[in-house]
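Engineer: Here is what each chain is made of, one letter per residue.
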Amino acid sequence: MATATDKIQRLVDKEYEYGFVTPIEQEVFPCGLNEEIVRMISAKKNEPQWLTEWRLKAYRYWAQLERAGAEPRWANVTYPPIDYQSIRYYAAPKQRKRPRSLDEVDPQLRATYEKLGIPLREQEMLAGVAVDAVFDSVSVATTFKEKLAQLGIIFCSFSEAVREYPELVRKWLGSVVPYTDNFFAALNSAVFSDGSFVYVPKGVRCPMELSTYFRINAAQTGQFERTLIIADEGSYVSYLEGCTAPMRDENQLHAAVVELIALDNATIKYSTIQNWYPGDKEGKGGIYNFVTKRGKCLGKNSKISWTQVETGSAITWKYPSCILVGDNSVGEFYSVAITNNYQQADTGTKMIHIGKNTRSTIISKGISAGHGQNTYRGLVKITKSADHARNYSQCDSLLLGDQCGAHTFPYIDVQNPTAQMEHEATTSKIGEDQLFYCQQRGISAEDAVSMIVNGFCKEVIRELPMEFAVEAQKLLGISLEGAVG
Amino acid sequence: MLEIKNLHVKVEDKEILKGVSLKINAGEVHGIMGPNGSGKSTLAQVLAGRETYEVTSGEVLYRGKNLLTMTPEERAREGIFLAFQYPVEIPGVSNLYFLKTALNAIRRHRGLPELDAMDFLALVREKMELVQMDESLLHRPVNDGFSGGEKKRNEIFQMAVLEPTLAILDETDSGLDIDALKIVARGVNSLRSDERAILLITHYQRLLDYVVPDRVHVLYDGRIVKSGGKELALELENRGYGWLEEEAKVEVSR
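If you read the sequences in order, they're chains A and B.
Under numbering that gives the first Met the number 0, the residues of the first sequence are numbered 0 to 484, in order.
Under numbering that gives the first Met the number 0, the residues of the second sequence are numbered 0 to 253, in order.
This is chain A alone, in the form it adopts within the complex (with noise of 0.2 Å):
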């Protein structure tokens, strides 16, 4: 006799859909990382001098940090040491020069982003998404340039920003996340190959959804992906960001950096759809994805809004944060993360209260099934100086199966007694009789399961744009169709 718990099991054991490897030619350096590494991928670059520094800089304080032992391990996550010495720090697809336009990009490559349906020219013409496709570690095409380049929005390769647009990198680059600021944080520093680089002016409203997808191909790669979004006063920008990489026995490291900032009444809108290989059924495999972003709300009255659909990787280490400067500043973090198989996630939000008036809230949905483990780790801290600062928590947890585990660890920490806070948290479990009742009105078990998935997180997927959303309840094995209120 089945029991609800095999039914749900087998809805949850769907294969990963992305795990192919795209057969191109990879140019790729030795594993291993040293100082000469670091100057291969800066000179590899044509990077300017004082990157390069950066760079060293950020190498050597992070060997520091690995001589001393000093991997943080305070997250809620089991794995074996990492080798940083047997990763590669550098793969790119071999072309000979820069392709000046999409018909100039590998048609292998461009069958590769199809099959995880992201046509780019499909979606340069119909959808008015303006997509950065990473494969690895280069920027292979960016769509939509010119149109953006009529507003003064620049939206490029990380690369290309640092040779066109030197001063705003340098102004900004590490100004949100320094390379002190946590051990993967450094790593990257050292090390990120490409990424992408957005800035709109002042006053310009972005038309159009600025969109990523990041891809990991090459073996034993690392991909460290580094992205810096400057929203100037009074500007608006909705940036989406999806990921995928092929299925292999050796888990793979992703370590990416983040840096958001937000002037005055500037808004960042930032998404993310993160559905790296998870590894197999028994938990081998699978990416680490131990990945920093953060933004500064600089500005008064701006607003940077993070949601994420986190449903990939062996092990998710990511605390996507806001720290709130400017008075009346607001900060939103939306997030849902699944595990399951042997899945871990430590995941959740800072949100850091210093100006006036300051505002946060926070909507944080766990799904654990099969032996997967997952936790919520968010900090809420009210300075001194932030008076009327005001938070609102919410963390949900839904178990599926017998075997999985949801934990909260919600830190506050109010040092100005004006501060409003309110936390919610309940933890539920989809039952037999949830699947019976549902049944017994003509609906499957299947379609039952993902009405109350999708139920359990709805309000974190409405603040996703259409496109995304889709892609989303896709993700979570939810269909849209007929969706009435």
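If you are wondering where the hints come from, they were derived from the structure by calculation, not from laboratory data.
In this text, all values refer to a predicted model and were calculated from it rather than measured experimentally.
Warning: the hint list may mix true and false statements.
Stated by the list, open to error - With the C-beta cut set under 7 Å, the calculated list includes, among others, these residues of chain B facing chain A:
(1) Ala47
(2) Val54
(3) Gly57
(4) Val59
(5) Gly63
(6) Pro71
(7) Glu72
(8) Thr100
(9) Ile105
(10) Leu129
For glycine and all other residues, C-beta sits at the position ideal for the given N, C-alpha and C.
Given chain A, work out where chain B should sit, using these hints.
Structural biologist: Chain B alone, transformed into the frame defined by chain A:
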């Protein structure tokens, strides 16, 4: 419409139904009464396809088909509706969305086009009136935070929308005040038709004042010990179940 033949059911090695036979024709309303623990709810759950109950022997035919091999959702799509004694809460899923998903699953099964949002809403408004349900309940999560009476009314409302061929009401009357009971009865009566059968499982005769049954059966210790017309319900109300114990013993020893 429904024919139960010598049905034996056990749960966790305990036999609950010990040979139930019952026949219900289209157009009929049958009442099943009996004391606590007699197996009334087990019968309802088995008919709906609950997997925790094990059918050890016997047969159930529904419109000539073997009901026991169908999954719960197939039974529902074939027109069986169970109004739950304890309706289940589903947080995060709106009542309206739930009902639309259910209705369209049933319609697909029957080769009918799915209803779009407008047609569905029109249907829902009409049925809502029938059970005098507040519209705000439509937009709330399924049964979440509903009062006991609201939950029961919601069951009848769902039944009215899904228009089943065989409706089984498992103690829908329990915990209702007299006004709510009348509303529920009105909902049930509106469904009465020549094509439908209704099985009312109840503890008390009260509901049968408002939904007058064609037949009444008494379930006692896993067996139907007595069947009769609507007057049997009154007799039970007056005399209780005690006198049946003697008759049951006679029945078994025979």
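Engineer: Next step is simple, just say for each hint if it's right about the structure.
Structural biologist: For each hint, the structure was consulted:
Look at Ala47 of chain B: its Cβ gets to within about 5 Å of chain A, closer than 7 Å, so that hint holds up. With its C-beta approaching chain A no nearer than about 12 Å, Val54 of chain B sits outside the 7 Å limit, and its interface hint is violated. The beta carbon of Gly57 of chain B comes no nearer than 18 Å to any beta carbon in chain A, farther than 7 Å, and the hint placing it at the interface is violated. With a cut of 7 Å, the hint placing Val59 of chain B at the interface with chain A is violated, because the nearest CB-to-CB distance is about 16 Å.
The interface hint given for Gly63 of chain B is broken, as the beta carbon of that residue sits about 20 Å from the closest beta carbon of chain A, more than 7 Å. Taken as an interface hint, Pro71 of chain B checks out: its beta carbon lies about 4 Å from the nearest beta carbon of chain A, inside 7 Å. Because the closest C-beta pair between Glu72 of chain B and chain A is about 5 Å apart, less than 7 Å, the hint holds. Satisfaction of the interface hint for Thr100 of chain B is found here, the shortest Cβ-Cβ separation to chain A being roughly 6 Å, below the 7 Å cut-off.
About 4 Å separates the beta-carbon of Ile105 of chain B from the nearest beta-carbon of chain A, less than 7 Å, and the hint is met. The interface hint given for Leu129 of chain B is broken, as the beta carbon of that residue sits about 18 Å from the closest beta carbon of chain A, more than 7 Å.
In the structure shown, a violation is registered for the earlier hints numbered 2, 3, 4, 5, 10, in ascending order.
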